[in-house]
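J.: Given the sequences, and given the hints that come with them, work out the whole structure.
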Amino acid sequence: MTPPDATIRAVEAVLFAATEPMTADAIRVHLGGIEVRTALVALQADYAGRGIELVRRGERWHFQTAADMAHLLRRTHEEPRKLSRAGIETLAIIAYHEPATRAEIEAIRGVQISKGTIDVLMEAGWIRPAGRREVPGRPLLYATTPAFLAHFGLASRRDLPGLEDLRAAGLLDPVDLAFETMEVAKPYDED
Amino acid sequence: MTPPDATIRAVEAVLFAATEPMTADAIRVHLGGIEVRTALVALQADYAGRGIELVRRGERWHFQTAADMAHLLRRTHEEPRKLSRAGIETLAIIAYHEPATRAEIEAIRGVQISKGTIDVLMEAGWIRPAGRREVPGRPLLYATTPAFLAHFGLASRRDLPGLEDLRAAGLLDPVDLAFETMEVAKPYDED
Amino acid sequence: MTDTPETLTLDIDGWEGPMDLLLALARSQKVDLKQISILALVDQYLRFIEEAQAALELAADYLVMAAWLAYLKSALLLPRDPEVEPSPEELALRLQLRLERLNAMREAGARLVARDRVGRDVFTRGAPEGLRTMRKALWQAEIYDLIAAYGVITARTRPAMHIVAHRPVMTLEAALARVSRLVGVEIDWRLIESFLPADASGLFRKSALASSFLAALELAKQGKVELRQQSPFAPLYIRAISVAAA
Numbered sequence: 003m004t005p006p007d008a009t010i011r012a013v014e015a016v017l018f019a020a021t022e023p024m025t026a027d028a029i030r031v032h033l034g035g036i037e038v039r040t041a042l043v044a045l046q047a048d049y050a051g052r053g054i055e056l057v058r059r060g061e062r063w064h065f066q067t068a069a070d071m072a073h074l075l076r077r078t079h080e081e082p083r084k085l086s087r088a089g090i091e092t093l094a095i096i097a098y099h100e101p102a103t104r105a106e107i108e109a110i111r112g113v114q115i116s117k118g119t120i121d122v123l124m125e126a127g128w129i130r131p132a133g134r135r136e137v138p139g140r141p142l143l144y145a146t147t148p149a150f151l152a153h154f155g156l157a158s159r160r161d162l163p164g165l166e167d168l169r170a171a172g173l174l175d176p177v178d179l180a181f182e183t184m185e186v187a188k189p190y191d192e193d
Numbered sequence: 003m004t005p006p007d008a009t010i011r012a013v014e015a016v017l018f019a020a021t022e023p024m025t026a027d028a029i030r031v032h033l034g035g036i037e038v039r040t041a042l043v044a045l046q047a048d049y050a051g052r053g054i055e056l057v058r059r060g061e062r063w064h065f066q067t068a069a070d071m072a073h074l075l076r077r078t079h080e081e082p083r084k085l086s087r088a089g090i091e092t093l094a095i096i097a098y099h100e101p102a103t104r105a106e107i108e109a110i111r112g113v114q115i116s117k118g119t120i121d122v123l124m125e126a127g128w129i130r131p132a133g134r135r136e137v138p139g140r141p142l143l144y145a146t147t148p149a150f151l152a153h154f155g156l157a158s159r160r161d162l163p164g165l166e167d168l169r170a171a172g173l174l175d176p177v178d179l180a181f182e183t184m185e186v187a188k189p190y191d192e193d
Numbered sequence: 021m022t023d024t025p026e027t028l029t030l031d032i033d034g035w036e037g038p039m040d041l042l043l044a045l046a047r048s049q050k051v052d053l054k055q056i057s058i059l060a061l062v063d064q065y066l067r068f069i070e071e072a073q074a075a076l077e078l079a080a081d082y083l084v085m086a087a088w089l090a091y092l093k094s095a096l097l098l099p100r101d102p103e104v105e106p107s108p109e110e111l112a113l114r115l116q117l118r119l120e121r122l123n124a125m126r127e128a129g130a131r132l133v134a135r136d137r138v139g140r141d142v143f144t145r146g147a148p149e150g151l152r153t154m155r156k157a158l159w160q161a162e163i164y165d166l167i168a169a170y171g172v173i174t175a176r177t178r179p180a181m182h183i184v185a186h187r188p189v190m191t192l193e194a195a196l197a198r199v200s201r202l203v204g205v206e207i208d209w210r211l212i213e214s215f216l217p218a219d220a221s222g223l224f225r226k227s228a229l230a231s232s233f234l235a236a237l238e239l240a241k242q243g244k245v246e247l248r249q250q251s252p253f254a255p256l257y258i259r260a261i262s263v264a265a266a
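Chains as they are written, first to last, in the numbering used here: chain A, 3 to 193; chain B, 3 to 193; chain C, 21 to 266.
In short, the hints are calculated from the structure, not lab data. Heads up, some of the hints might be wrong.
Stated by the list, open to error - On the chain B side, residues computed to face chain A include the following (Cβ under 10 Å): (1) PRO5; (2) ARG11; (3) VAL31; (4) LEU74.
What the hints assert, rightly or not - From chain A, some residues computed to sit far from chain B (all C-beta separations above 12 Å): (5) THR25; (6) ALA26; (7) ALA72; (8) ARG87; (9) GLU100; (10) ARG104; (11) VAL113; (12) GLN114; (13) ILE120; (14) PRO131; (15) ARG134; (16) VAL137; (17) THR147; (18) PRO148; (19) HIS153; (20) PHE154.
Note that beta-carbon positions come from the ideal geometry of N, C-alpha and C, so glycine has one too.
T.: Right, dumping it as structure tokens:
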């Protein structure tokens, strides 16, 4: 920056410390009556293109963060988080059965789902409300979104493996159950 | 001013908008992990001699008005908290000796300190509890805070006025220890 | 703090304890604290306390200090007794060191508060926009997790149909027909095993025995046969109830 003169420095400091925008007159009075308009124009030029700008709104001047830097003030910080088991099961049921109501999802899972689980899937952008089922109570229906397909690398829902594929892959003989069997079997093994 | 690069502008905008001094790390995290130290140094140079300055206080950076503008700004702003003599001395003792226990402060001042004195300094955010001394009774230790450095315009505790002289003169040693040192030194003095 | 003892006001409330008063008196000697005369200082303090005492109630700690200083003064003036530890010179030096330290901290405090302080001499931005960080979870899951989860649910909730793999059995109906037919042609007690097919063996024999037993119980309930067993696990006998006996 070019070394500013005393008036420019004074105007700069006063506007920086001010709690609200100030008119040129108010600045002049504050600085004991010296003329400040030239300094304001010079300051505006000094700050052009920086992360801070001197702007004039009506008769009042103030410093503000450059418009193109505004996004830095409200920043979203993304933290990778793994979906819970309840979340992934609920998502799987919606994907295979969509559109599905919450009651249907619970019937298939055999376990109640908390509101938080649906919220998380909505927040992730993987499911969306898809109308209501025309039955008493008109429950909300849920379906997957294009973002769901994109995240899981699927061209369409038809790419999800069918039950026969799952069986062939051994996925219908869940590891958990196999483990339970082994647990029970152990004492005999040890005989 | 020379047109700053994108990182400099971003750091400038963030520090300008921040309500508290920020560490380089906090700025980096806020900006999504980009390195900011070079930008901080460049910014500090950009603002040198202007009505606003970028200063480093401990590990934290903030913009403030230039010190020589004080006479122009003081009238609009209220005096900061006026400290009692007991408060000033207690703060000085903690700053120059930190960490210090209440008993150590009292030993230097030759008088008990009221609870209110410590409270006022804590409330101002200038001192904080800093663990306990591992002696009988485990007395609480007090130390200064980053806000203390910021408020008193200290780049670090090493910048405390006269710290080195006081240390060299042994005036920061515990009284008894200093006494013994002098006793030992005596025979040499008499040579 | 450049007041001479003569102009000091006799109000001890003006001092924060005896050390504070002592420091003020020491400074009034207008020499480096390292060079002050402890004896002169002690005299000043005692004179001040005497005058103050006439005017008002003195706080106990001022009197304790006065007593200690009077002792120190006498010790400094009298010939030194080598038995006494610590020596009066050491006590005097210690007092001087304490005054130096208090003075150092008082000056440090004064320099500290005279610095360019934020909010008094320098100012931070009057109306900062503030920074806000909103945390957003980036949810992650793999396609394998998804389909494996569906496999688990399906396996967990699929209606179970149990098929018993090929096993030779004699049904209760068959046993009932067989036992009632055979028992009708016999008059005497017979072992229940004798009603089993002659070629029955292995699992089929066990199944036939169980079914025949149930059939015997059923027939007994209908009043068509009677059963006899001497003791638990003893052979079980069966015979038809003759019309005459009934």
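J.: Each hint: holds or not?
T.: Evaluation of the provided hints:
1. PRO5: holds, 5 Å
2. ARG11: holds, 4 Å
3. VAL31: Hint on VAL31/B: holds, closest Cβ of chain A at ~8 Å, below 10 Å.
4. LEU74: Holds, about 5 Å.
5. THR25: Holds, because the least Cβ-Cβ distance between THR25/A and chain B comes to about 15 Å, which exceeds 12 Å.
6. ALA26: Its Cβ never comes within 12 Å of chain B, the nearest being 16 Å, so this holds.
7. ALA72: violated, 8 Å
8. ARG87: Per Cβ check, ARG87/A is outside 12 Å of chain B; nearest 31 Å; holds.
9. GLU100: Non-interface label on GLU100/A holds, nearest chain B Cβ at 36 Å vs cutoff 12 Å.
10. ARG104: Given that every Cβ of chain B is farther than 12 Å from that of ARG104/A, nearest at about 37 Å, it holds.
11. VAL113: holds, 39 Å
12. GLN114: holds, 39 Å
13. ILE120: Per Cβ check, ILE120/A is outside 12 Å of chain B; nearest 30 Å; holds.
14. PRO131: holds, 32 Å
15. ARG134: Check passes; 41 Å lies beyond 12 Å.
16. VAL137: At about 48 Å from chain B, VAL137/A clears the 12 Å cut-off, so the statement holds.
17. THR147: Given that every Cβ of chain B is farther than 12 Å from that of THR147/A, nearest at about 26 Å, it holds.
18. PRO148: holds, 26 Å
19. HIS153: holds, 22 Å
20. PHE154: holds, 26 Å
In summary, the structure is inconsistent with hint 7 from the numbered list given earlier, while agreeing with all the others.
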